[in-house]
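Listed in order, the protein sequences are those of chains B and W. With the numbering used here, the residue at position 85 of the first sequence is 85, and numbering never jumps. With the numbering used here, the residue at position 4 of the second sequence is 4, and numbering never jumps.
Careful: at least some of the hints might be erroneous.
So, partial list: chain B residues that the calculated Cβ filter (under 10 Å) puts toward chain W [claimed, not checked]: (1) V216; (2) A218; (3) R219; (4) G240; (5) Y242; (6) D248; (7) D282.
I should point out that these hints are in silico values taken from the structure, not numbers from a laboratory. All figures in this text were calculated on a predicted structure; none of them were measured in a lab. We put the CB at the ideal spot given by N, CA and C, even for glycine.
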Amino acid sequence: MSLLDVIRPRIRALDAMPSVPAIVQPLAELLREDPDRVNLDKVVELVSYDSTLVAQCLRMANSPLFGRRDTETVRGAVLALGIKRVEAIVLGCCLNRIVPPDKWALDALTFWRHCLGCALVSSKMARLIGYPDPEKAYLAGLLHDVGILVNTVTCTEEYRRTIEQARRGRIRLHESEQQSLGFTHCRSGAILAEQWKFSLDVRAVIEFHHDVVKSVTARPLVALVHLSDLLCRLRELGYGYYEAIGVDLAGDEAWSMLLESCPALAKMDLARLTLDIDGAMDEIVSVVDAVFRPEAIAAK
Amino acid sequence: MNRPIETVETAAKTAPTETQDLRDPSYLKIRDVVYQISGIYHPEEKLYLLAARCARRMTAVKAATPSEYLDHLTVRGSREAELRLLLNEITIGETYMFRSPQQLEALRSVILPQILQDKAALGFKRLHVWSAGCSTGEEPYTLAMFLLELKETLLCGWTFDILATDLNDNSLVAAKAGIYGEYALRSTSDLLRRKYFKTYDQNRLQAGEELKSLIRFDRVNLTDDSKMTFLKGMDLIFCCNVLIYFDLASKRKVMQHFYANLLPGGYLFLGHAESLYQVDDRFHLMHFPGAIGYWKPPVGYVAGVKR
């Protein structure tokens, strides 16, 4: 019996955890409609039930990262952010709740800064290189590391040691996981993604973002998130430590994969994108601290 | 985090004020002009820094609005001179020792081990470093301390030297003297101060012999073909906020020289906000934790092969 067989039932159990709010299902159904025909009132109503979601939508809608709209109502925030972005926020909130506050191995703020950073870089890069769906890139960037949450909940103590080992050796987290757990957050994340019925594209990103050549579906998206993830880890938006690595991004296999469908990548100003990440850092930290700080959540 | 520009006193004093409306689209245009001509980039979130620097020049040329100042940079006859003055403002205070700790950390943990391994395999045990555009010497003295601190460990059994060049004679005189006050030494630890400097007067320290003996100072014009051709065999070149003053043709020429001056596997480092976008496509842009460098790949390097 492999370790994965051991962990699989533990992951299934997540689905029944009371902390997963009831909002996911009805929202997913609402969003299945054509984007122009989504019932906005219903979405606003659903979001309004949950004070954390309300706070997060308002904070995001008023952030310069998303264009800053000076909006004070949920309706205004949903309009400013767009339905897709609201969906990403809802999923982020729900995922955050699967980890009890005292179980975090990688601390919550570090984790969500990395996810939000990766989401922003993915959607920005998507726009720069003409990838057709920047919002999907945002969602995939935000969710690519859900496996870390799964590992945190299912293997709390072992996982703390796994992260400590990666931090001390300055090695890649998924390599440390493979060594100590026998599987990576890509595998455990993929199982959760299946349970939560994420789209096939997002599931491919979750499963293959550290092993892009193995992906069959959504190869450009997987490659794009892989590159964003790498960039974030190289600019203080990583897992709370710096890996001892030097990376030739344009020489990465993901770069060639992405180039096939987005030739504009060859002309992208990578140094400028890197400086843009640094520029956005303060606001990313500020947004994440405002919405994911344990006290902020407890106060709601 | 590497955010040196913000730590400069001048920037701190000129935080956004009501007179600088950052929503004025002219600032974005000024940002783009500066980037296009010099390669120095300000992300939108850091526009207030650029606005602060512009504010001083706007006062000097009596421009009432950013839009008017944009004219000074783009359509007036004196635009080239004005751009140079603005670039001077932008880079003021950029020079102090240990200004880019993450760059040094990348050198220590990733770059040097690789270079040393490759060179040792060929039987070489000597490292050549060049500070091109060394100004008043902060960079070469930093590199000297950095290398000396590694001589018992990573660089055990190796010899190394630093070439420090500049075009400006006054800067070179100051660099050779090696006398620094608190500003230049703000990020230099007490330990390193005691180890490598001696007291010069009440407020200043002077670089000691161990540092000076490692560095050779020379006057070099980076666009001078006859001189540049002879500076071969470099492992690392540092050229911080120098290319920004050159036009595109000169930049390309200097980059050609740098490429030829570097050994295969060597690195070029620029200022932290400088980009070589559309200037050179032979160097590979390499990312390290918190730092980027331009790499001359070894012969036979195949993209995609992990190092």
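Okay, the hints, checked on the actual structure:
1. V216: violated, 20 Å
2. A218: violated, 20 Å
3. R219: Violated. Min distance 15 Å.
4. G240: violated, 12 Å
5. Y242: holds, 4 Å
6. D248: holds, 5 Å
7. D282: holds, 7 Å
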